[in-house]
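A.B. asks: Next come the chains, spelled out residue by residue.
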Amino acid sequence: MSEATSLLASGHRACAGCGAAIAVRQVLEAAGPNTICVNATGCLEVTTTPYPQTAWRVPWIHVAFENAAAVASGIEAAYKALRAKGTIPKDKKPNVIAFAGDGGTFDIGLQALSGMLERGHDVLYVCYDNEAYMNTGIQRSSSTPFGAATTTSPAGKVIPGEMRKKKPIALIAAAHDIPYVATASIAFPADLKRKVKKALEVEGPSFLHILAPCPTGWRFGTEKTVEVARLAVETGVFVLYEITNEDPLKPIVTKKIKDRKPVEEYLKLQGRFRHLFKPVKRQDIIDKIQEEVDRKCKLFGVDED
Amino acid sequence: MMRIVKGNEAAAIAAKLAKPDVVAAYPITPSTDFPEKIAEYVANGELPHTQFIPVESEHSAMSACIGASAAGARACTATSSQGLELMHEMLFIASGMRLPIVLYNANRALSAPINIWCDHQDSISARDTGWIQFYGENNQEALDLMLMSFRIAEDPRVLLPAMTCIDAFICTHTFEPVDIPSQEEVDAFLPPYKPTHVKLDPDEPMTLGPFGVPEYYQEMRYAQHLAMKNAEKVIDEVFVDFERRFGRKYSKVSPYMIEDAEIILITLGSVSGTTKEFIDKMRKGGKKIGMVKLTVLRPFPSKELIPLIKNARVVATLERNISLGYGGAIYADLAGILINEEKRPLLIDFILGLGGRDITFNDLEEIVKACEKLIEGERIERPVWIGVKKELV
Amino acid sequence: MKIEPGGAIKEPGSSIAYKTGGWRTFKPVIDAEKCISCWICVGFCPDAAIEKTEKGKPPIIDYDYCKGCGICANECPKNAIEMIFEEK
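Chains as they are written, first to last, in our numbering: chain A, 1 to 305; chain B, 1 to 393; chain C, 1 to 88.
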């Protein structure tokens, strides 16, 4: 699918090498044109809809930052009501997909997300996670990983960047006991698209957490967006799994890793972790990140023998 | 059909008669009966197609209404006080996106300190949000104004959200006889909502709520301004049609005994009833006092108000609100419309009835006395606080 | 142009009027000999600027929109795409 048919058209103003744009293109390829999108405030919204132009070829609405899930709830309910009333045909049932970044999901939109999931709306909520508030200029969010420098978790002389670990958002979504939760990576498009289709097939809410690296905010070359996303998976930093409500406490890893690479390979590609390598190598922090990744990989069962 | 109902139920009945597609609401005292009643209608099959969304906050209530309305649904909600404040951000977006959402507000004081009783600070603070604002005096007006607000908001010349406000407890929880129109009558009065300006439909993909760059933002605000101007006319048309069909007359401003009045009191909401009785009493004593009740606060009924009040000696606004560091909101609005009139009255604002404080005849007498002093040429520092136990502060 | 009430945009995909090709410093050039028509570059292009063709032929890059990020070159399994400095 390309410029004539891509449901996210060319000409949008996202930075060169934008991971979020890749994520959205992949999601929409799987979802198809019978889809209504809700977009929280953020890079994606700003770069795709500078009035009077839009990059969207599907119906799309932006309302505010914190409420994509609530807006999506209203749209889904409206379609139910209009079908019941006979205003629209009984089989007219477009997908409703909410897109929000990590700020709009992990932080300011968490309450609305929880409400939407709990009430059981038939909505797919997609978090494109670039691990900081990129639209406002790279401030830390509760998705920013341990050790990363952002403008509000700077690598200072005393504090070496973000000192809290990333919030496990997909597990929080799964704790709502909803039909389908998954994590995905833009570097593994087949896996991502399969998960989108599965999420749209289930009745009720689903949640997809996509790691979408940001060359601007993570400070790596624009050509490396997919490479960095792939390394996140291959080092075990970002685990690809899915959870169904057959057992919401049991994530099923969809991409097992053989010979998991050391996290250092992932970290050293990115300027946001540069302070861990220069001027002096902070092996203590790198080790701590590695230990945490090892612990998580063991919990999830990531490693393939 | 006459029924004895609380104000909240009167509003809920109006919403039910409008057959909304989506109601998204969150409980808050003193408007909670509204979502309870809607939930009950839905549970009993009395609103067979309506989706009731028991959201997790007022912010999400308005957000869900925005989503629903953008998808082509008739959407409404109810709230009060802190709830309206939590919605505040979304109020601007509902009007900016030109979504004719209807909101029922029980006028309640704002924290702090937390207080569940009546004043108008909540909706007064929302008067710049681009919503049409109606203030009802009693339960009948709650029902009628709610019904009319759907039709006015959805008029293609308007396409703005509308809120109907009534006083906490004084109306919301007081039982009064209310004439309830039949479903057939309401169906004839209120056609189904069929938007063309917004639609979330894969057959006709639109982008709603885009990024408004400086080259176009001001034009979109201007379009909202024109819609508000159009609402002035549409409100009058709908009031006339409503009277023709249901026999109850409404107007944006309702004068009472103003022909020869030297002092005119400006009221909003339930205090209008008390004030009328007070005027009757004062008239018996020979005092030339009148009243103008405002039913519509936005769009501000400037054209209608000016001729009614410009010949009085003093116009006094009864304000259940305060812009701290300035004074009453209605005072400010009135001052603005009178200042360019060649002949204009003295104007003064009285702050009273905050947080559920009763407004008594004594209070109104105090107001009249202050107005008389003004007429006599005395200077009075405004705003004047009425009924405050100043010794406690 | 008239502004719709609420600012709705009724022309889907109208961003194609805005050519982002001018952002580019390096230009991807496909070596048709090396290309195996796997379309990996097509799926990874953030700007939908690479078009599939038919098996056996390389895809077509639309330089009107290509921002020159270089993901296509970086991800090409056959190193069939070269990023060339673009003289302006």
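Among these hints, one or two may not hold up.
[As the list claims (entries may be wrong)] So these bits of chain A aren't anywhere near chain B, every CB distance computed over 10 Å:
| no. | residue |
| --- | --- |
| 1 | Glu45 |
| 2 | Arg57 |
| 3 | Glu118 |
| 4 | Arg119 |
| 5 | Phe277 |
[Claimed, not checked] If you only want the chain C side, here are some residues facing chain B, beta carbon under 10 Å, derived:
| no. | residue |
| --- | --- |
| 6 | Ile3 |
| 7 | Gly7 |
| 8 | Ile9 |
| 9 | Lys10 |
| 10 | Glu11 |
| 11 | Pro12 |
| 12 | Ala17 |
| 13 | Ala32 |
| 14 | Glu33 |
| 15 | Ala73 |
| 16 | Pro77 |
| 17 | Asn79 |
Since the hints were derived computationally from the structure, they do not count as laboratory data. The beta carbon of each residue, even a glycine, is placed where N, CA and C say it ideally should be.
A.B. asks: Is the claim that A:Glu45 lies outside the interface with chain B correct, judged by CB distances over 10 Å?
C.D. replies: 7 Å, violated
A.B. asks: Interface hint check: C:Lys10, Cβ to nearest Cβ on chain B, cutoff 10 Å. Holds or violated?
C.D. replies: The hint holds - C:Lys10 has a Cβ within 10 Å of chain B, the shortest such distance being about 5 Å.
A.B. asks: Taking the least C-beta to C-beta distance, is C:Ala32 closer than 10 Å to chain B?
C.D. replies: Constraint on C:Ala32 not satisfied, violated at 36 Å.
A.B. asks: Does C:Gly7 pass the interface hint, meaning its C-beta sits closer than 10 Å to a C-beta of chain B?
C.D. replies: Since chain B brings a Cβ to about 5 Å from C:Gly7, closer than 10 Å, the hint holds.
A.B. asks: Against chain B, with CB atoms and a cut of 10 Å, does the hint on C:Pro12 hold up?
C.D. replies: 4 Å, holds
A.B. asks: If you take the shortest Cβ to Cβ gap from C:Glu11 to chain B, is it below 10 Å?
C.D. replies: 9 Å, holds
A.B. asks: Holds or violated: is the Cβ of A:Glu118 farther than 10 Å from all Cβ atoms of chain B?
C.D. replies: 8 Å, violated
A.B. asks: Holds or violated: the hint that C:Ala17 contacts chain B, with Cβ atoms closer than 10 Å.
C.D. replies: 14 Å, violated
A.B. asks: Can C:Ile3 be said to touch chain B, with a Cβ gap under 10 Å?
C.D. replies: 5 Å, holds
A.B. asks: At a threshold of 10 Å, is the proposed contact between C:Ala73 and chain B supported by beta-carbon distances?
C.D. replies: 31 Å, violated
A.B. asks: Regarding the assertion that A:Arg119 does not contact chain B, is the least Cβ-Cβ distance greater than 10 Å?
C.D. replies: The claim breaks: A:Arg119 does not keep its Cβ more than 10 Å from every Cβ of chain B (closest is about 7 Å).
A.B. asks: Please check whether C:Ile9 passes as an interface residue: C-beta within 10 Å of a C-beta belonging to chain B.
C.D. replies: 4 Å, holds
Taken one by one, the earlier hints fail for this structure at numbers 1, 2, 3, 4, 12, 13, 14, 15, 16, 17, listed in ascending order.
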